[in-house]
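Protein chains: 2
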Amino acid sequence: MTLPLSDEVLDRVFRRARTVNSYTDRPVSPQVLREIYDLLKWGPTSTNQCPLRIVWCVSEPAKARLAALCAGGNAEKVLRAPVSAVLAMDLAFYRHIPRLFPHVPDAQSWYSGQDEMIKESALRNSSLQGAYFIIAARLLGLDCNPMSGFDEGKINDTFFADTPTRVNFITTLGYGDPATLYPGAPRFDFEEVNTLL
Amino acid sequence: MTLPLSDEVLDRVFRRARTVNSYTDRPVSPQVLREIYDLLKWGPTSTNQCPLRIVWCVSEPAKARLAALCAGGNAEKVLRAPVSAVLAMDLAFYRHIPRLFPHVPDAQSWYSGQDEMIKESALRNSSLQGAYFIIAARLLGLDCNPMSGFDEGKINDTFFADTPTRVNFITTLGYGDPATLYPGAPRFDFEEVNTLL
Numbered sequence: 001m002t003l004p005l006s007d008e009v010l011d012r013v014f015r016r017a018r019t020v021n022s023y024t025d026r027p028v029s030p031q032v033l034r035e036i037y038d039l040l041k042w043g044p045t046s047t048n049q050c051p052l053r054i055v056w057c058v059s060e061p062a063k064a065r066l067a068a069l070c071a072g073g074n075a076e077k078v079l080r081a082p083v084s085a086v087l088a089m090d091l092a093f094y095r096h097i098p099r100l101f102p103h104v105p106d107a108q109s110w111y112s113g114q115d116e117m118i119k120e121s122a123l124r125n126s127s128l129q130g131a132y133f134i135i136a137a138r139l140l141g142l143d144c145n146p147m148s149g150f151d152e153g154k155i156n157d158t159f160f161a162d163t164p165t166r167v168n169f170i171t172t173l174g175y176g177d178p179a180t181l182y183p184g185a186p187r188f189d190f191e192e193v194n195t196l197l
Numbered sequence: 001m002t003l004p005l006s007d008e009v010l011d012r013v014f015r016r017a018r019t020v021n022s023y024t025d026r027p028v029s030p031q032v033l034r035e036i037y038d039l040l041k042w043g044p045t046s047t048n049q050c051p052l053r054i055v056w057c058v059s060e061p062a063k064a065r066l067a068a069l070c071a072g073g074n075a076e077k078v079l080r081a082p083v084s085a086v087l088a089m090d091l092a093f094y095r096h097i098p099r100l101f102p103h104v105p106d107a108q109s110w111y112s113g114q115d116e117m118i119k120e121s122a123l124r125n126s127s128l129q130g131a132y133f134i135i136a137a138r139l140l141g142l143d144c145n146p147m148s149g150f151d152e153g154k155i156n157d158t159f160f161a162d163t164p165t166r167v168n169f170i171t172t173l174g175y176g177d178p179a180t181l182y183p184g185a186p187r188f189d190f191e192e193v194n195t196l197l
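Residue numbers (the numbering used here), protein chains in the order written: chain S, 1 to 197; chain C, 1 to 197.
Since the hints were made in silico from the structure, they are not lab data.
Worth double-checking, as some hints may not be accurate.
[Claimed, not checked] Simulated crosslink set (DSS-like; lysine-lysine; CA at most 30 Å straight-line):
hint : chain 1 : residue 1 : chain 2 : residue 2
1    : S       : Lys154    : S       : Lys119
2    : C       : Lys154    : C       : Lys119
3    : C       : Lys119    : S       : Lys119
4    : C       : Lys154    : S       : Lys119
5    : S       : Lys154    : C       : Lys119
[What the hints assert, rightly or not] According to the in silico footprint, chain C covers these stretches of chain S (three or more CB under 8 Å from chain C):
hint : region
6    : 13-25
7    : 44-53
8    : 99-113
9    : 127-138
10   : 176-186
[As the list claims (entries may be wrong)] DEER-style ranges, computed between Cβ atoms:
hint : chain 1 : residue 1 : chain 2 : residue 2 : range
11   : C       : Met117    : S       : Gln114    : 18 to 28 Å
12   : S       : Ser59     : C       : Gly72     : 41 to 51 Å
13   : C       : Thr180    : S       : Leu197    : 22 to 32 Å
14   : C       : Pro186    : S       : Phe188    : 33 to 43 Å
15   : S       : Pro105    : C       : Val104    : 43 to 53 Å
16   : S       : Thr2      : C       : Gly184    : 15 to 25 Å
17   : S       : Ala179    : C       : Thr180    : 45 to 55 Å
18   : C       : Phe188    : S       : Glu120    : 17 to 27 Å
19   : C       : Thr163    : S       : Ala64     : 42 to 52 Å
Nothing here was measured: the structure is a model prediction, and the numbers come from that model.
Even for Gly, the Cβ is constructed at its ideal location relative to N, Cα and C.
Okay, chain S solo, but in the shape it has when bound (with noise of 0.2 Å):
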């Protein structure tokens, strides 16, 4: 019998982890990158799809092209993070599907002709993976402060021009400094939001 895991996790993963503002100097190597990419990839998606592509902005350079498409206060904190990824989706992502989906060979005919449902996929999908990506940080100790307020036009033409894939949302990532929280936010009780038939 599978029992739960300990209040420690439980605490990590969820109850005690937070939004940060800020990180502090530890730097972040690119083998945790490629950890955070091996834990994530698992995660469910329909027809396996995975229509997540991530761009690690871990230079300067880099993370000043992002930040200058960055509105208000996210460019400052895009710049001062050790890195910033953008999470993005292939609108084209059903190409993989013979590969990924391979016990139902004509799944890729699910989304032949049918753009809306496409978009739509990929958007419920790469955000899917998206909190995956979040979550895979926290098993590893690290932080994330998700952020939706860019310029997505500019952000897919500096980034993904020509190409099919299309920002879905970026995020800063690093070891976060717990001295800048803010108080947590609220949340909805259960029964405000939950029906049980």
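Assemble the complex: chain S is given as a structure, and chain C must be docked to it using the hints.
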């Protein structure tokens, strides 16, 4: 210094976790549904909008109503699972921003009149919360089988009539039967979907 969690945890959450095809007879108590919500609710969303709404189909009549709106083999999965859940999004989530995001008093105004952005943001953020649902279930020793094959309009009419709530995806839930797993599907290598700048 925060250390990575143990291999056992990484295995349970991502590396060895699997989308299951069937469940053991072990029942899922109402208390466990509450525990899943009380973990997933802490995962971050944009402006803390928390758009996810959950309808837990626990009774046989509720599962039968949902199963009747599912495509192909999904109906049988819904009927046979201990619990099936409808994961939906409240398209009027912005009504709650003053309460949920109190430290930025004008954040609600960012959504004013932005119907397309609201729909996209609700889909993005309820999908993040859908992933937190899957991870929370795994942390508690349960398994899921998320599905997108259903009649979206009829699910909305049946479960969310006269409300601004719309289905995102559905999932079954229980204690997975490892004997019925398919072989795992492949994933992209790091180099195929990651770029370091």
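Tested hints:
Note on Lys154 of chain S and Lys119 of chain S: the hinted pairing holds, with a Cα-Cα distance of about 19 Å set against a maximum of 30 Å. Between the alpha carbons of Lys154 of chain C and Lys119 of chain C the distance comes to roughly 19 Å, so the proposed pair stays at or under 30 Å and holds. Straight-line distance between C-alpha atoms of Lys119 of chain C and Lys119 of chain S comes to about 13 Å, which keeps the hinted pair within the 30 Å bound. Distance restraint check for Lys154 of chain C and Lys119 of chain S: the Cα-Cα separation of roughly 21 Å lies within the 30 Å cut-off, and the hinted pair is therefore satisfied.
For the hint linking Lys154 of chain S to Lys119 of chain C, the alpha-carbon distance of about 21 Å falls within 30 Å, and the restraint holds. Here the region 13-25 of chain S counts 5 residues with a CB under 8 Å from a CB of chain C, which clears the bar of 3, and the coverage holds. Check on the region 44-53 of chain S: 6 of its residues sit with their Cβ under 8 Å from a Cβ of chain C, so the three-residue criterion for coverage holds. Look at the region 99-113 of chain S against chain C: 5 of its residues bring a Cβ nearer than 8 Å to a Cβ of that chain, three or more, so the hint holds.
With a cut-off of 8 Å between beta carbons, the region 127-138 of chain S has 9 residues touching chain C; three or more are needed, and the interface restraint holds. Check result for the region 176-186 of chain S against chain C: holds, 4 residues qualifying (beta carbon to beta carbon below 8 Å, three or more required). Distance hint check for Met117 of chain C and Gln114 of chain S: the Cβ-Cβ separation is about 23 Å, which falls inside the suggested range of 18 to 28 Å. A C-beta distance of roughly 48 Å is found between Ser59 of chain S and Gly72 of chain C, which places it inside the suggested range of 41 to 51 Å.
Distance hint check: the CB atoms of Thr180 of chain C and Leu197 of chain S are about 26 Å apart, consistent with the given range 22 to 32 Å. Restraint check, Pro186 of chain C to Phe188 of chain S: a C-beta distance of roughly 38 Å satisfies the suggested window 33 to 43 Å. The hinted window of 43 to 53 Å between Pro105 of chain S and Val104 of chain C holds, with their beta carbons roughly 50 Å apart. Checked against the given bound of 15 to 25 Å, the beta carbons of Thr2 of chain S and Gly184 of chain C, roughly 18 Å apart, stay inside it.
Against the hinted window of 45 to 55 Å, the Cβ-Cβ separation of Ala179 of chain S and Thr180 of chain C comes to about 49 Å, which satisfies the hint. Remark: the range hint 17 to 27 Å for Phe188 of chain C to Glu120 of chain S is upheld by a beta-carbon distance near 22 Å. A hinted range of 42 to 52 Å for the beta carbons of Thr163 of chain C and Ala64 of chain S is consistent with their spacing of about 45 Å.
Of the numbered hints listed earlier, not one is contradicted by the structure.
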